[in-house]
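Once you've looked at the hints, dock chain B against the given chain A.
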Amino acid sequence: MTQYAENIYSMDGNCPMEDKFSSGYFDVVVEPGRSILRYWSDLWRFRELMYFLAWRDILVRYKQTVIGIAWSVLRPFVTMIVFTIVFGKLAKLPSHGLPYPVMVFAAMLPWQFFASSLTECSNSLIENANMLTKVYFPRMLIPASCIAVSIVDFAISLVMLSGMMVWYQVTPSWRIMTIPLFFMLALLTSLGFGLWMAALNVKYRDFRYVVPFIVQFGLFISPIGFSSSIVPEEWRLLYSLNPMVGVIDGFRWALLGSSADISWTGLVLSIAVALLVGILGTGYFRKTEHYFADII
Amino acid sequence: MTVVKIENLGKKYLLTHKRKEPYLAFRDVMSEPFRRVGKFLAGGTMTGAVTESCEEFWALQDVSFEISQGEKIGIIGRNGAGKSTLLKILSRIVEPTTGRIGIKGRVASLLEVGTGFHPELTGRENIYLNGAILGMSRFEIARNFDEIVDFAEVERFLDTPVKRFSSGMYVRLAFAVAAHLEPEILIVDEVLAVGDAQFQKKCLGKMEDVSKKDGKTIFFVSHNMQAIRQFCNRCILLKSGTVISDDNTDTVIKKYLDTTAIAGNDELPLLISKLPQDSVFKLEDIRILQNGEPVINKAENGQQLEIEMQYMLYERIIGFRIFFDLYDRDETFLFRTFHDDSYGKIESMGPGRYVSRGIIPANFLSPTSYEIRVLATIYDVRMCIPYPGLRIPIEVERTGVVNRAYLAEPIRGKLAPLIEWTTSIIE
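Order-wise, the sequence lines are chains A and B.
By the numbering used here, the letter at position 209 of the first sequence is numbered 209, and the numbering carries on one by one without gaps.
By the numbering used here, the letter at position 142 of the second sequence is numbered 142, and the numbering carries on one by one without gaps.
Only chain A is shown next, with the shape it has when bound in the complex:
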């Protein structure tokens, strides 16, 4: 075998064997565990693919649906009506002078974003299994591009909310400028959980049943149909361990100026939890992604 290989080798000049690997002669070196080093630069190199994947998901989402974009409007809208009736009218929970529908909808916005991101992310790798086993790219692109669809939905809902605020004559203050910060917090939470679930789903397929459960459960334990102020003071801190509590309170504070809802220590705690989830989720994903193609 070696005869042929050696011929080429000697033609190549006198570069000793070891040097080629260590001297940076090669653009890519593949070896066990090596990929970590190049990962983040690869992520940047493949940014265009992420754009295309996001574009695909958005296109596909609205093709062959009768009412297209209306779906992303209808879902939060109907949930809002139900919550307003159940919590506002029947249970008569306080809304601190705000119109109940607006208060609910301001919370639906980040929650819907989180829920759909998490659901899409967690199934994304399985759904794209074929690509995973045939082409190389940083695997994180797939769940990350899924979030793009949720961002579009979020933007649509945001327009709806502005309409509602005009209708109910709620005027926002300067605090609306802080919305991007709270959105970042929602993004971090979604991405952290999403990556985690996506990676777990590759190895243990029953996570596809766990995620809908988390989402359904979360809808009721997060302050969506009600204001966080009804949570007894001594439980507030514990309650804030759910990072979406910080996000939702923040949204209400920034959009509607309802300072009754927000607890600043709670917010700090939520941010800390979101950061932790983000780090752990990314970490777990990074640790396991090298064997995705082997077991998916």
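Careful: at least some of the hints might be erroneous.
[What the hints assert, rightly or not] With a Cα cut of at most 30 Å, we get these calculated DSBU-like pairs of lysine-lysine: (1) A/K20 - B/K254; (2) A/K287 - B/K104; (3) A/K63 - B/K163; (4) B/K12 - A/K203; (5) B/K274 - B/K298; (6) B/K274 - A/K203; (7) B/K239 - A/K20; (8) B/K213 - B/K274.
[Said to hold, decoys possible] Here chain A is said to cover these stretches of chain B; the calculated rule only asks that three of the stretch's residues, wherever they fall, bring their Cβ under 8 Å from a Cβ of chain A: (9) 118–131; (10) 333–344.
Worth flagging that the hints you see were computed from the coordinates, not collected in a lab.
We put the beta carbon where it would ideally sit given N, CA and C, even for glycine.
Below, chain B without anything else, positioned relative to chain A:
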């Protein structure tokens, strides 16, 4: 100039036996301790008894070679020899267990045509998407767009969702995108096995053009020796995960054909165990017999050849068919034969262990190299053994009565059946 260097490359897989589901479920992991305790209480031992047997399997072991720029390397070997694993590691899809690879230049790998094609998207949209997946930039795709469309001959359907494409159009479009990749190193798995003969020829021609023009380095895996001969100047022969020959194409192909008389008794069970799992069907064994003895080296064309397939059916199935195709070494499809060819109506088969035996009559095969591809299907439902099937190479030697008066004369043709002839003098 060296563009690829591979050192002591190895890839280990763990084969777990006796697992029913193809993937691990979290509930199994959770319930395992309880199962063990249950077993213990029932009088068994706490350890060992329940653990699934885990077997190490080296798909590649100690592979080293070096490739210079512009070389066209054919990678050949039987099914399960490690070709695809090697390509997957080269493409960075899976990580090696040992060793390392250095790559200089941009790599594009084409392990399948149409990766990432979305049926709902139009031809135009899929060109962009697939191009991006294969590593082209938006600018590159836009620049080559017209050429891609031309090559694929799908102008009229550009704005039709690809789910409405015929399979021919689909493959043409997919290959057209791939053919316009502009990497320095191109890795191609057996993708040319799709599409009609004419299009295959066009693809091969295109690949040849491209590679000659810009001195691209190409890795090419195929079972089609014709294509390898036409295309590659160097070949690497893999067997059971190791390189057994690395030389110019003709030498290696000859070696391949010489050493691959028949799937050895040791390899067939491995190939069978690597088949994808099916919920109702399990192939257990394949035996190739002549005179009641397993064929070890070469079969004789003067004796009938029995192909015996043993399998389990777990449920009653209507329209289950086990069958095999006979190919010659140049990938020419000679015939297909089903176990129920003579039945006259669609049968229903109950659960149980079956043996189906197909007999190729004596004085029918030509003294040459064939490949038997065993497949199974449930009619109109799905393939139980997917294409191309379990491939068993088989070498046939001349012992029959055909043409025996002229032994010095080689038998020409893919088959040499003994036809009934009558010749009488009429005048």
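- Query: How about the stretch 333–344 of chain B: do at least three of its residues have a C-beta closer than 8 Å to a C-beta of chain A?
  - Reply: violated (count 0)
Proximity test - 8 Å, beta-carbon atoms, the stretch 118–131 of chain B to chain A, at least three hits
Coverage by chain A holds here, the residue count being 6 at a Cβ distance below 8 Å.
- Query: Is it true that the CA of B/K274 sits at most 30 Å from the CA of B/K298?
  - Reply: Since the Cα atoms of B/K274 and B/K298 sit roughly 25 Å apart, the hinted pair holds (cutoff 30 Å).
Does B/K213 pair with B/K274 here, judged by a C-alpha cut-off of 30 Å?
violated, 40 Å
**Prompt:** Going straight from one Cα to the other, do A/K20 and B/K254 come out at no more than 30 Å?
**Reply:** The given pair, whose Cα atoms are some 34 Å apart, is violated under the 30 Å limit.
Are B/K274 and A/K203 close enough, with their CA atoms no more than 30 Å apart?
Judged against 30 Å, a Cα distance of about 20 Å means the pair holds.
**Request:** For the pair supplied as a hint, B/K12 and A/K203, confirm whether the alpha-carbon distance does not exceed 30 Å.
**Result:** This hinted pair holds, its Cα atoms lying about 18 Å apart.
- For the pair we were handed, A/K63 and B/K163, check the Cα-Cα distance against 30 Å. holds, 13 Å
> Are the Cα positions of B/K239 and A/K20 separated by 30 Å at most?
Replying inline: holds, 28 Å
* Asked: Under the criterion that the straight-line Cα-Cα distance not exceed 30 Å, is the pair A/K287, B/K104 satisfied?
  -> holds, 26 Å
Of the hints listed earlier, those the structure fails to meet are numbers 1, 8 and 10, in rising order.
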